[in-house]
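Visitor: Protein sequence lines correspond, in order, to chains A and B.
Here the first sequence stands for residues 21 to 300, where the numbers follow this note's numbering.
Here the second sequence stands for residues 21 to 300, where the numbers follow this note's numbering.
FYI, nobody ran anything at the bench for these hints, they're computed from the structure.
A portion of the hints provided could be inaccurate.
For chains that are exact copies, the list does not tell them apart, and a pair is met inside one copy or across any two.
Pairs of lysine-lysine, BS3-like flavour, derived with a Cα cap of 30 Å [stated by the list, open to error]:
1) K286 / K139
2) K286 / K226
3) K139 / K260
4) K260 / K275
5) K42 / K218
6) K226 / K78
7) K30 / K42
8) K30 / K278
9) K139 / K226
10) K117 / K230
11) K275 / K226
12) K275 / K218
13) K278 / K260
14) K260 / K132
15) K117 / K198
16) K230 / K278
17) K226 / K296
18) K117 / K218
19) K198 / K286
20) K168 / K296
21) K138 / K230
22) K278 / K132
23) K117 / K296
24) K152 / K202
25) K152 / K230
26) K202 / K147
27) K147 / K296
28) K139 / K42
29) K99 / K132
30) K218 / K168
2 protein chains.
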Amino acid sequence: MNLDLWYTEKHDDGLGISLKVKDVLYSEKSEFQQIDILNTHFYGKVLYLDGLVMTTEKDEFIYHEMISHIPLLSHPEPKQVLVIGGGDGGTIREVLKHPSVEGVVLCEIDGKVIEASKKYLPTIAGKLDDPKVDIQVRDGVAYIAAQKNCFDVILIDSTDPLGPGEGLFTEEFYTNVKQALKPNGIMAAQSESPICNKREIQLIYKLLNKVFPNVHTYVAPIPTYPAGYWSWCFCSNDTKPLEFINEEIQAEIEKETKYYNKDIHKSAFALPNFVKELLE
Amino acid sequence: MNLDLWYTEKHDDGLGISLKVKDVLYSEKSEFQQIDILNTHFYGKVLYLDGLVMTTEKDEFIYHEMISHIPLLSHPEPKQVLVIGGGDGGTIREVLKHPSVEGVVLCEIDGKVIEASKKYLPTIAGKLDDPKVDIQVRDGVAYIAAQKNCFDVILIDSTDPLGPGEGLFTEEFYTNVKQALKPNGIMAAQSESPICNKREIQLIYKLLNKVFPNVHTYVAPIPTYPAGYWSWCFCSNDTKPLEFINEEIQAEIEKETKYYNKDIHKSAFALPNFVKELLE
Numbered sequence: 021m022n023l024d025l026w027y028t029e030k031h032d033d034g035l036g037i038s039l040k041v042k043d044v045l046y047s048e049k050s051e052f053q054q055i056d057i058l059n060t061h062f063y064g065k066v067l068y069l070d071g072l073v074m075t076t077e078k079d080e081f082i083y084h085e086m087i088s089h090i091p092l093l094s095h096p097e098p099k100q101v102l103v104i105g106g107g108d109g110g111t112i113r114e115v116l117k118h119p120s121v122e123g124v125v126l127c128e129i130d131g132k133v134i135e136a137s138k139k140y141l142p143t144i145a146g147k148l149d150d151p152k153v154d155i156q157v158r159d160g161v162a163y164i165a166a167q168k169n170c171f172d173v174i175l176i177d178s179t180d181p182l183g184p185g186e187g188l189f190t191e192e193f194y195t196n197v198k199q200a201l202k203p204n205g206i207m208a209a210q211s212e213s214p215i216c217n218k219r220e221i222q223l224i225y226k227l228l229n230k231v232f233p234n235v236h237t238y239v240a241p242i243p244t245y246p247a248g249y250w251s252w253c254f255c256s257n258d259t260k261p262l263e264f265i266n267e268e269i270q271a272e273i274e275k276e277t278k279y280y281n282k283d284i285h286k287s288a289f290a291l292p293n294f295v296k297e298l299l300e
Numbered sequence: 021m022n023l024d025l026w027y028t029e030k031h032d033d034g035l036g037i038s039l040k041v042k043d044v045l046y047s048e049k050s051e052f053q054q055i056d057i058l059n060t061h062f063y064g065k066v067l068y069l070d071g072l073v074m075t076t077e078k079d080e081f082i083y084h085e086m087i088s089h090i091p092l093l094s095h096p097e098p099k100q101v102l103v104i105g106g107g108d109g110g111t112i113r114e115v116l117k118h119p120s121v122e123g124v125v126l127c128e129i130d131g132k133v134i135e136a137s138k139k140y141l142p143t144i145a146g147k148l149d150d151p152k153v154d155i156q157v158r159d160g161v162a163y164i165a166a167q168k169n170c171f172d173v174i175l176i177d178s179t180d181p182l183g184p185g186e187g188l189f190t191e192e193f194y195t196n197v198k199q200a201l202k203p204n205g206i207m208a209a210q211s212e213s214p215i216c217n218k219r220e221i222q223l224i225y226k227l228l229n230k231v232f233p234n235v236h237t238y239v240a241p242i243p244t245y246p247a248g249y250w251s252w253c254f255c256s257n258d259t260k261p262l263e264f265i266n267e268e269i270q271a272e273i274e275k276e277t278k279y280y281n282k283d284i285h286k287s288a289f290a291l292p293n294f295v296k297e298l299l300e
């Protein structure tokens, strides 16, 4: 394709991320959202939902490693894991690197995201057919309400608090997540951009603090998300971040990671002043 | 202005940063480069040189705090400081927060950048008229060659290794910087994006290692630079990073900073695996 074709993800606040496009590989409107997969020059194949970058071949490792390894390595022996959202499969791929994991449920509302990711993003979705993975194509809000005391780690790998992901940002939902965790369980949730989503990060942090005794924000660069800087919340009943790290498994995991390592694990919880102020 | 006006900084590799523009405040071709200042919806006023974002009102604090406070607080008593490049004045503003600083030279090749910044970016350039500041409008390459053993800290606040900044990325230049430093002096230099400028970051790191016994890369998110993630090199004859931090001054400085604090100082040197691999 010789056309100088660019797609710009434009946000209402006047910020855009532009990528030069080789090909449109997939474009379909599902029951829930518009799904597009573009082959781009810089980031390789990119999954867009409702026009927003969800993941790219080139930088997905940062997001998927950070949502997974920080909570999983803070748990002495995670056996049962639940991922809500994350239909691209990247989080599942990282979770399966942990030898103690016996089963992982992927609860994704949109089966078309899973299908398209399997077909077009095999380096990301390639572990979705692993026998340890139980794929539940259904609403995470309803699913979690029926689970009690059964997961060691729950990862909320959601879209933004608009559209199909909206119900994943409520006190009721987080309360149900807490009840679905075993008493020593850990949850991690993506919690938006400290630069572009100040209201959302504050809302999420406030709601989580109503539900969990321990809520700690951690951060990493995500080049293809708005303003390139992202946050997650680490939540638990009693495990504090950095209090326990499974160093033996960590040493194995960090042989395979591209972003995560033991220094990153600690430094991710070091928050800039402007982020601390947001969370006060 | 009701026009839906956007400017996209497009890079050859197929990556672009798009900003919605309220007004074009300044647009002039100097002897060295095209200088534009746009008033944008999201990042406030933005300084572009040759079409590339140099600094924005909204996120400039991260870059300017990180290039300044990490080296200055690693020195027991920085009195004489040199900034090469940095005509917008943001680095000067941060340097002047250190009470030990008696004088700071700004060596900027393009006087028009200084003039335009003073006029349109007063929150960034506002300290350029401070009596401690000696502004030298001249080529940093020639200037540094004439300086011997006179600076405690030198900060290389350059553009990319193309155009007027090119001469600031050579072994000869770094050797002259070393000779301009006092024996216990420290240099910090911006060293490009670990995601977009792999070749450049490797080149800079290699050249610096030929000249300085201690070379240590540190990182931070810079939302308006390509891929939103940036690096600097900390270089010295004998001071290692984190070996000494002036904690008393640090406690004062971090009351005024928006990104930098003592935890950030340490965590900035924690490098992801993919950055470590680049620098091997």
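Visitor: Would you mind marking each hint as holding or not holding in the structure?
Guide: Hint-by-hint comparison with the structure:
In this assembly of identical chains, the alpha carbons of K286 and K139 never lie at most 30 Å apart, being 36 Å within a copy and 42 Å across copies at closest. When the C-alpha separation of K286 and K226 is checked against a cutoff of 30 Å, the pair qualifies both within a copy, at 23 Å, and between copies, at 28 Å. Taking the shortest Cα distances, K139 and K260 never come within 30 Å of each other, neither inside one copy (39 Å) nor across copies (49 Å). In this homomeric assembly, K260 and K275 come within 30 Å of each other (Cα to Cα) both inside a single copy, at 25 Å, and across copies, at 27 Å.
In the homo-oligomer, the alpha carbons of K42 and K218 lie at most 30 Å apart only across protomers (22 Å), although the nearest pairing inside one protomer, at 34 Å, exceeds that limit. Proximity of K226 to K78 under the C-alpha cut-off of 30 Å is restricted to the inter-copy arrangement: shortest distance 25 Å between copies versus 33 Å within a copy. In this assembly of identical chains, K30 and K42 lie within 30 Å of each other by CA distance both inside one copy and across copies; the values are 19 Å within and 16 Å between. Proximity of K30 to K278 under the C-alpha cut-off of 30 Å is found in both arrangements, the shortest distances being 29 Å within a copy and 27 Å between copies.
In this assembly of identical chains, the alpha carbons of K139 and K226 never lie at most 30 Å apart, being 39 Å within a copy and 41 Å across copies at closest. For the homomeric pair K117 and K230, neither the shortest alpha-carbon distance inside one copy (32 Å) nor that between copies (39 Å) is at most 30 Å. Only between protomers do K275 and K226 lie at most 30 Å apart by alpha-carbon distance; the minimum there is 25 Å, versus 36 Å within a single protomer. In this assembly of identical chains, the alpha carbons of K275 and K218 lie at most 30 Å apart only when taken from different copies (21 Å versus 35 Å within one copy).
Proximity of K278 to K260 under the C-alpha cut-off of 30 Å is found in both arrangements, the shortest distances being 25 Å within a copy and 26 Å between copies. For the homomeric pair K260 and K132, neither the shortest alpha-carbon distance inside one copy (37 Å) nor that between copies (52 Å) is at most 30 Å. Taking CA atoms no more than 30 Å apart as the test, K117 paired with K198 passes inside one copy only; the shortest distance there is 24 Å, against 46 Å between copies. Taking the shortest Cα distances, K230 and K278 sit within 30 Å of each other only across copies (27 Å), while inside one copy they are farther apart (35 Å).
In this assembly of identical chains, the alpha carbons of K226 and K296 lie at most 30 Å apart only when taken from the same copy (13 Å versus 36 Å across copies). With identical chains, the CA atoms of K117 and K218 are at most 30 Å apart between copies only, with a shortest distance of 28 Å across copies and 33 Å within one. For the identical chains of this complex, K198 and K286 are intra-copy neighbours only, at 24 Å inside a copy versus 33 Å across copies, given an alpha-carbon limit of 30 Å. Taking CA atoms no more than 30 Å apart as the test, K168 paired with K296 passes in neither setting, with 33 Å inside one copy and 42 Å between copies.
Taking CA atoms no more than 30 Å apart as the test, K138 paired with K230 passes in neither setting, with 37 Å inside one copy and 47 Å between copies. Taking CA atoms no more than 30 Å apart as the test, K278 paired with K132 passes inside one copy only; the shortest distance there is 28 Å, against 42 Å between copies. In this assembly of identical chains, the alpha carbons of K117 and K296 lie at most 30 Å apart only when taken from different copies (22 Å versus 32 Å within one copy). Taking the closest pair of Cα atoms, K152 and K202 come within 30 Å of each other only inside a single copy of the chain (19 Å); across copies the shortest separation is 61 Å, beyond that limit.
Taking identical chains as interchangeable, the C-alpha atoms of K152 and K230 are never at most 30 Å apart, the minima being 33 Å within one chain and 51 Å between chains. Taking CA atoms no more than 30 Å apart as the test, K202 paired with K147 passes inside one copy only; the shortest distance there is 25 Å, against 56 Å between copies. Taking the shortest Cα distances, K147 and K296 sit within 30 Å of each other only across copies (27 Å), while inside one copy they are farther apart (37 Å). Proximity of K139 to K42 under the C-alpha cut-off of 30 Å is restricted to the intra-copy arrangement: shortest distance 18 Å within a copy versus 42 Å between copies.
For the identical chains of this complex, K99 and K132 are intra-copy neighbours only, at 28 Å inside a copy versus 62 Å across copies, given an alpha-carbon limit of 30 Å. For the homomeric pair K218 and K168, neither the shortest alpha-carbon distance inside one copy (32 Å) nor that between copies (48 Å) is at most 30 Å.
Hints 1, 3, 9, 10, 14, 20, 21, 25 and 30 from the earlier list are contradicted by this structure; the remaining hints agree with it.
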